[in-house]
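Model the full structure from these sequences, guided by the hints.
Number of protein chains: 2
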Amino acid sequence: MSIPIYLQIKEKMIDTIRELPANAPIPSERDLAIQYDASRMTVRKSINALVDEGYLYRDSNKGTFVADKVLHKKNTTLEKKDDNRKISYKTIYFDVKASSSEEVQERLNIGPEDSVVRMIRLMLSDDRPQAIEEIYINRLNLSDEEFRNLPKWQDFNAFISKGGLTQRFVPTLVPMQYAHMLELKIHEPIIMVENIVNQKSGKPLIYMKVFNNPKEKVIEITS
Amino acid sequence: MSIPIYLQIKEKMIDTIRELPANAPIPSERDLAIQYDASRMTVRKSINALVDEGYLYRDSNKGTFVADKVLHKKNTTLEKKDDNRKISYKTIYFDVKASSSEEVQERLNIGPEDSVVRMIRLMLSDDRPQAIEEIYINRLNLSDEEFRNLPKWQDFNAFISKGGLTQRFVPTLVPMQYAHMLELKIHEPIIMVENIVNQKSGKPLIYMKVFNNPKEKVIEITS
DNA sequence: TAGTGGTCTAGACCACGAC
DNA sequence: TCGTGGTCTAGACCACTAG
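Sequence order for the protein chains is G and U. Last residue of the first sequence: number 1337 in my numbering, and the count goes up by one each step with no gaps. Last residue of the second sequence: number 1337 in my numbering, and the count goes up by one each step with no gaps.
Treat the hints with care, since some could be wrong.
If you want the footprint, here are the derived chain G segments under chain U, 3+ residues with CB under 8 Å [claimed, not checked]:
#1 1273 to 1279
#2 1282 to 1291
#3 1305 to 1316
#4 1328 to 1336
In short, the hints are calculated from the structure, not lab data. We put the CB at the ideal spot given by N, CA and C, even for glycine.
In structure tokens form, the structure reads like this:
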């Protein structure tokens, strides 16, 4: 098995934790080390991961306890929690252009002659409109393979986990051209989230403006 | 010195990192262990903390590198980054009442007879209005000491770090009674952030509604 | 006093990337 | 082949809490 021991233990512990009520104590690190036949440091690494994710919390010199579910961490609006709704996308635009707006050039830190992939799509959950996404990507940052598969992408977690994500929340009125698709009246206040996905080097990779339907999608983060 | 070695090393490394350009490599973990006269695992703990905070990034089998400043993590709208603006608060209301609205009772998970501390204040930066904060706290969760010092509180980080924070972003039009204080026209779209600070047990501790002035305060998170 | 989490050590082996 | 980060071990000492 090539999966690290501490990740295997972590998964087993999640199964155990699910059966326990909030604030119940888990066995001590030394006991768990015996139970899982691993060193205490390895077990500790598993526990630390679960504490970071909000499954457990520690009380120094007392023990480690099961956290309430409301404390499970969700740090960006792009992560999806374990809701069972099926998300689908309907592509409205997909093109590659050399001329992009100054706004896009600035966010992607590119010049006016660089090719930019533009994709505009409607996000649906059970056929109800959740949000409009305007996505801009520097063509040069995509392999041909990635470019071909762009329309099939559901999310950008693969890129975010390799670098970073900055989200800016902008209050605005729903744009006229999107009001109908989101089934909103004009002049309705909404939140537009500007997402910039960065590479590890800090260079911008993806710029995405998300116009959220407040009737359907609650923007929430937990930390 | 009672400060753990890995935290001391972390601080020293931050000083070193500040002098380096983005994407510059730092010495290998084995070299740093010699340099700081500590074990590799201890140095590694320092580095991991810096990676989590976005100061460094790792490239497996290659090395560890200085991250771009845009990647420094800021996971909630309540954290303040190292901007040098002086924040001040002007208290508008401060009282304790047994009768609270159903909304407050629900968020704090309390009954209609429980005493609730209510504080409404204006957040200023260089005399410019940033936001209105409506703060509600179950009186029973505060010691007399904490209650007395409430008006002096700047932030709630001491409580958040002990438990968790959930933030919900609600698009709305600026409430009439706050428009003037925020120097906004009526019918201006703004973001109201609902903050719920939880204890480790999961019980709600603080409920805070923040009406942000979009002209002054950009809501941004990095992760 | 016994048990807990928090820290720390000095080794070890592995997979992978660059040369 | 060599150096890197990633993992893992089997100990150890500490400060603190609860009985």
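Tested hints:
1. Given a C-beta distance limit of less than 8 Å, the hint that chain U covers the segment 1273 to 1279 of chain G holds, as 3 residues qualify and 3 suffice.
2. Counting residues of the segment 1282 to 1291 of chain G whose CB lies closer than 8 Å to any CB of chain U gives 6, so the stated coverage by that chain holds, three being the minimum.
3. As drawn, the segment 1305 to 1316 of chain G meets chain U at 5 residues by the rule of a beta-carbon pair under 8 Å; at three or more, the given contact holds.
4. Residues of the segment 1328 to 1336 of chain G with a Cβ under 8 Å from some Cβ of chain U number 6, which satisfies the need for three, so the listed coverage holds.
Violated hints are absent here; each numbered hint is respected by the structure.
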